[in-house]
Each structure stands twice: as structure tokens, then as C-alpha cells.
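**Student:** Use the sequences and the hints to build the structure in full.
Protein chains: 2
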Amino acid sequence: MSFMLSKNKIKFIKSLDNKKSRDESGQFIIEGNKIVSEFINAGWNINLLVAQPRWTETFPERALQNIEEIIDVENNELRKISLLKTPHNVLAIVNKPEFLINWNEILNNLTLVLETIQDPGNLGTIIRTAAWFGINNIICSPDSVDVFNQKVIQASMGAILRVKVHYTNLIDFMNRISENNFPVYGASLDGMPIYNYDLSANGIILLGNESSGISPSLKKYITQKIKIPCFSDTTEGIDSLNVSMAAAIICSEFRRKTRGYSK
Amino acid sequence: MSFMLSKNKIKFIKSLDNKKSRDESGQFIIEGNKIVSEFINAGWNINLLVAQPRWTETFPERALQNIEEIIDVENNELRKISLLKTPHNVLAIVNKPEFLINWNEILNNLTLVLETIQDPGNLGTIIRTAAWFGINNIICSPDSVDVFNQKVIQASMGAILRVKVHYTNLIDFMNRISENNFPVYGASLDGMPIYNYDLSANGIILLGNESSGISPSLKKYITQKIKIPCFSDTTEGIDSLNVSMAAAIICSEFRRKTRGYSK
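Chains as they are written, first to last, in the working numbering: chain H, 53 to 315; chain B, 53 to 315.
Among these hints, one or two may not hold up.
Copies of the same chain look alike in the list, so a pair counts if it fits in one copy or across any two.
[Claimed, not checked] Here are the computed lysine-lysine pairs in the DSSO-like style, where the Cα-Cα straight-line distance is at most 30 Å: (1) LYS216 - LYS59; (2) LYS279 - LYS203; (3) LYS86 - LYS271; (4) LYS61 - LYS272; (5) LYS66 - LYS203; (6) LYS132 - LYS309; (7) LYS216 - LYS71; (8) LYS86 - LYS203; (9) LYS86 - LYS309; (10) LYS277 - LYS86; (11) LYS309 - LYS66; (12) LYS132 - LYS86; (13) LYS132 - LYS271; (14) LYS72 - LYS216; (15) LYS279 - LYS86; (16) LYS59 - LYS271; (17) LYS66 - LYS86; (18) LYS86 - LYS148; (19) LYS309 - LYS61; (20) LYS216 - LYS271; (21) LYS309 - LYS277; (22) LYS203 - LYS272; (23) LYS203 - LYS72.
Worth flagging that the hints you see were computed from the coordinates, not collected in a lab.
**Tutor:** Set out below in C-alpha cells:
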């Protein structure tokens with residue numbers, strides 16, 4: 053246990069606000085009691101824990117054995133390194149996990165495929181929603197927001213422990229999906245109301261960018277075009293549903309229809 | 053048309069980042085091409101428009117007649133006054149609307165009642181979702197986040213033009229609802245799966261605070277406890293659905309069941 057937050061360490065921690073640093077070091081930051089506790093309790097390897105001693109003391113010794121270094125600090129020191137406006141009482145640095153796409157898993161569950169998702173809050177909330185609905189994989193195009201961005205992690209509320217988020221070329225991914233004749237449900241304004249569909253238990257749910265939707269190069273892989281009907285009596289001031297709202301409603305509809313809820 | 057952004061004006065605009073200033077002046081800020089265009093096109097009275105001349109020129113003269121003052125600026129001047137990190141090319145100041153609760157409207161539609169909602173992104177997204185599902189009123193407890201907070205307005209994507217957000221004592225409101233024997237659906241972890249419910253076309257959807265849920269003083273008004281089932285095979289790292297996700301799924305279920313989608 054050490055008691056010093058050196059200048060170099062502060063510099064390194066702060067650098068992890070940038071994707072480039074996260075990519076180069078293979079590490080990212082988690083902040084806050086809830087999420088750090090969950091990582092500790094899940095036995096995840098933690099490179100550095102920076103916390104107030106009274107926070108760390110609440111854990112049994114064996115829970116802390118996967119932590120390489122613990123630095124005791126007071127609250128005002130956490131303020132120096134926090135990436136958040138209102139710093140939490142604990143911050144940790146962990147290694148980025150590396151997942152391979154498990155095709156057996158993909159072909160036996162629902163999977164969300166996100167094209168160029170930009171807003172970190174949206175990605176974080178979609179991860180949290182996926183966890184709730186038992187969806188274990190999310191596939192993102194490489195130009196999507198980084199899952200290890202602090203805002204994504206905060207919005208995911210610990211669900212990044214449960215859901216594997218992959219970054220890969222979506223054309224290649226969809227080619228393989230289509231070779232398997234696996235259904236691809238695409239959210240599209242010219243689709244059919246999702247409520248009327250006989251949805252399959254397993255499949256791909258494809259969601260597009262916040263402003264531009266699904267690009268033509270991916271649209272052609274859609275086997276079922278779905279939409280969530282608008283119930284407003286006017287369209288003034290109504291553009292579309294937020295992409296994470298759409299994801300939640302679509303996931304809910306899939307589970308409702310294929311997990312024994314018939315009404 | 054004027055060409056000067058005086059120090060006093062800059063000070064006033066910046067002050068509107070605070071709820072106290074918004075309450076005292078009765079005014080709030082909207083930023084960005086999309087939302088300001090929608091306010092102009094809806095004929096909303098605009099006290100001050102600060103924009104690049106080439107932005108304002110895209111509107112026909114009569115569209116601009118409800119604007120009291122227009123100040124032409126360049127982009128770097130907008131940076132001085134924007135409440136956002138990345139300023140938009142236009143900013144406007146408008147009067148806060150004052151709505152009275154229309155009980156006839158409440159008793160003939162769905163209405164969302166939000167207790168102590170804290171996160172501006174959540175409220176904004178719920179407003180956007182309500183607009184999509186034809187819900188015209190949202191009732192918030194007085195300690196909820198202010199609807200004229202910049203982050204709420206950004207997340208609502210212009211839907212605050214469509215949905216009336218009221219702040220009122222929820223006990224008084226619910227007393228009146230209960231006198232009318234109007235159904236109150238409360239989201240609660242000990243509820244019945246919403247998929248199995250015979251939902252009514254009109255009613256109250258009551259949602260609680262992000263961390264503490266619905267308080268006991270309001271729980272007693274619930275006539276139907278509903279929940280969105282969790283489909284995960286483990287609960288590790290899964291706490292709950294985000295409140296705006298829950299709102300979206302619940303609104304979707306109500307409309308699906310009561311607007312002619314039977315499947």
C-alpha cells in the first residue's frame with residue numbers, strides 16, 4: 053500500500069481521458085463507489101486503486117487481492133485526478149479486456165450492431181439496456197465512440213462487466229451473418245411497425261447513426277425492416293426517437309414475443 | 053437589427069445558465085440550428101436571436117417577425133456566450149411558457165408523472181419520447197431538474213415545443229387523480245410484468261427517482277404496479293434499467309396495446 057500520488061502518476065491517470073492513451077497503454081479508468089465495487093467483487097484485475105482509506109477498508113482482505121497497487125488519498129487529491137466534474141471517492145485503473153467474437157454465441161442470441169454511434173451517453177445506456185435484456189454482445193463500427201470513454205462507462209452503470217462490446221468492420225461482420233442466413237432487423241423509418249412482426253428469438257438488431265441512420269452499404273443486409281410507430285397527432289418538433297430509446301423498445305419487443313409473454 | 057453584443061448582454065445571457073436567473077427573468081436559452089429553427093417556424097416569440105448573418109438570411113422575412121432583437125455575430129463571438137462546449141452557430145433567448153394543468157386533457161390521455169428526476173439528459177430524453185408517443189403532459193415534482201436547463205433542452209431535441217412540462221406538488225396532484233378513480237401505473241421492482249397487463253388507453257405512468265425509486269408517500273397512489281422483466285441470466289453488474297429507458301418501453305407497451313396492435 054502506498055501513500056503517494058506522484059506527478060507522473062497524476063499525468064498518466066489524466067492522460068487516460070484520451071482514447072489514444074487508452075489504446076497505447078491498454079488501460080482505462082473507472083470512477084465511483086458503485087462501479088469500482090462491482091469490478092472488485094467480480095474479481096477483475098485492478099492495476100491501481102486510488103481511494104480514501106475508509107472506502108478501501110470496507111472490503112475484506114481477499115476481495116483486494118486482485119489489486120496491484122492501492123494509493124490512499126483524501127478527497128481533495130481525488131479532485132486533482134478525476135475526469136468528472138464532481139469527483140467520486142474512488143477511482144481505479146484497469147486493463148482493457150480483449151474479446152474475440154464468439155460466432156456460436158452470436159448465432160444463438162440477439163446481438164446489437166451499432167453503426168457510427170457518436171454519443172457516449174447513448175452507447176452507455178444501450179450497454180445497460182442490453183445487459184437487462186440478456187444480450188451479451190454489441191458490435192460497433194470502428195468509428196463509433198470508444199466504450200472506455202468515461203462517459204460511456206458512467207452511463208453503462210457497471211454493465212460493461214456483462215456485455216462484450218466489439219469494434220469491427222461491419223461489412224465483414226454482416227457478410228458472415230448473411231452467409232449464415234441469420235435474420236437482420238434494421239430500424240428504418242420506412243419499416244413495418246415492430247408490433248406486428250413475428251420476431252425471431254435470435255438475430256441481429258441493426259441501429260444507425262444518431263443523425264444519418266443506417267448507411268446504404270449496410271441497409272442491403274437488412275432482412276426485416278422494422279420501425280417504432282409514432283403516435284403523435286402532429287410531427288411538429290418531433291424528429292425521431294433517440295437511438296437508445298429505440299434500442300430499449302426493440303429489445304423489449306423481442307423478449308416479450310419470444311420468451312413466453314403472449315398478450 | 054443590431055450588431056453589438058454588449059458586455060451587459062453577454063452577462064445576462066451567461067446568467068441564464070442558472071435556474072435562479074431563469075426564474076427571475078422568465079427567460080431561457082435555446083442553442084443550435086435545429087431547435088432554434090423549430091421555435092422560429094412554430095411562431096414562438098423570440099426576445100433575442102444571436103446568429104451569424106448567413107444563418108438568419110435563410111429564413112423568409114415573415115418568419116422573423118416574431119423576433120424582437122437580432123444580433124449579428126461571427127462564430128468566435130458565439131463562443132463567448134454559448135453554454136455548450138462546442139457552440140452552435142445560433143443562440144436565442146425566449147420566454148418561459150406558463151402552462152396550467154388542463155384536467156380534461158389529463159383525464160383523456162396518458163400522462164407521465166416524474167418524482168425527483170435528477171439527470172437533465174434523462175428528463176430531456178423522456179420529453180422527446182413523450183412527444184413521439186403522443187403524450188402531451190409531464191408532471192414533475194418541484195425538486196426535479198429544471199426543464200429549461202440547457203442539457204434538458206438539448207436532449208429533448210425540440211420536443212419541449214410539443215410536451216407541456218409542469219412542476220407541482222405531486223401529493224396534491226395524485227389526490228385529485230385518485231378522486232377521479234383514474235388508473236395510476238407505477239414502475240416498481242415488485243410489480244407484475246407489464247407485458248401481461250390489460251393496460252388502459254388513458255392513465256398516469258408514475259416513475260421514481262434514478263436511485264431511490266418512488267417514495268412511500270406516492271407509492272400508495274399506485275393502482276397497478278408494473279415492471280419490465282429482466283432477461284439476464286445473472287444479476288451481476290445489472291442494477292436496473294435507466295429511468296428514461298423504462299419510460300420508453302412503458303409508453304410503447306401502452307400504445308401497442310390500446311391503439312390497435314394486437315400481436
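**Student:** Need the list of violated hint numbers for this structure, in ascending order.
**Tutor:** 1, 4, 6, 9, 11, 13, 16, 19, 22
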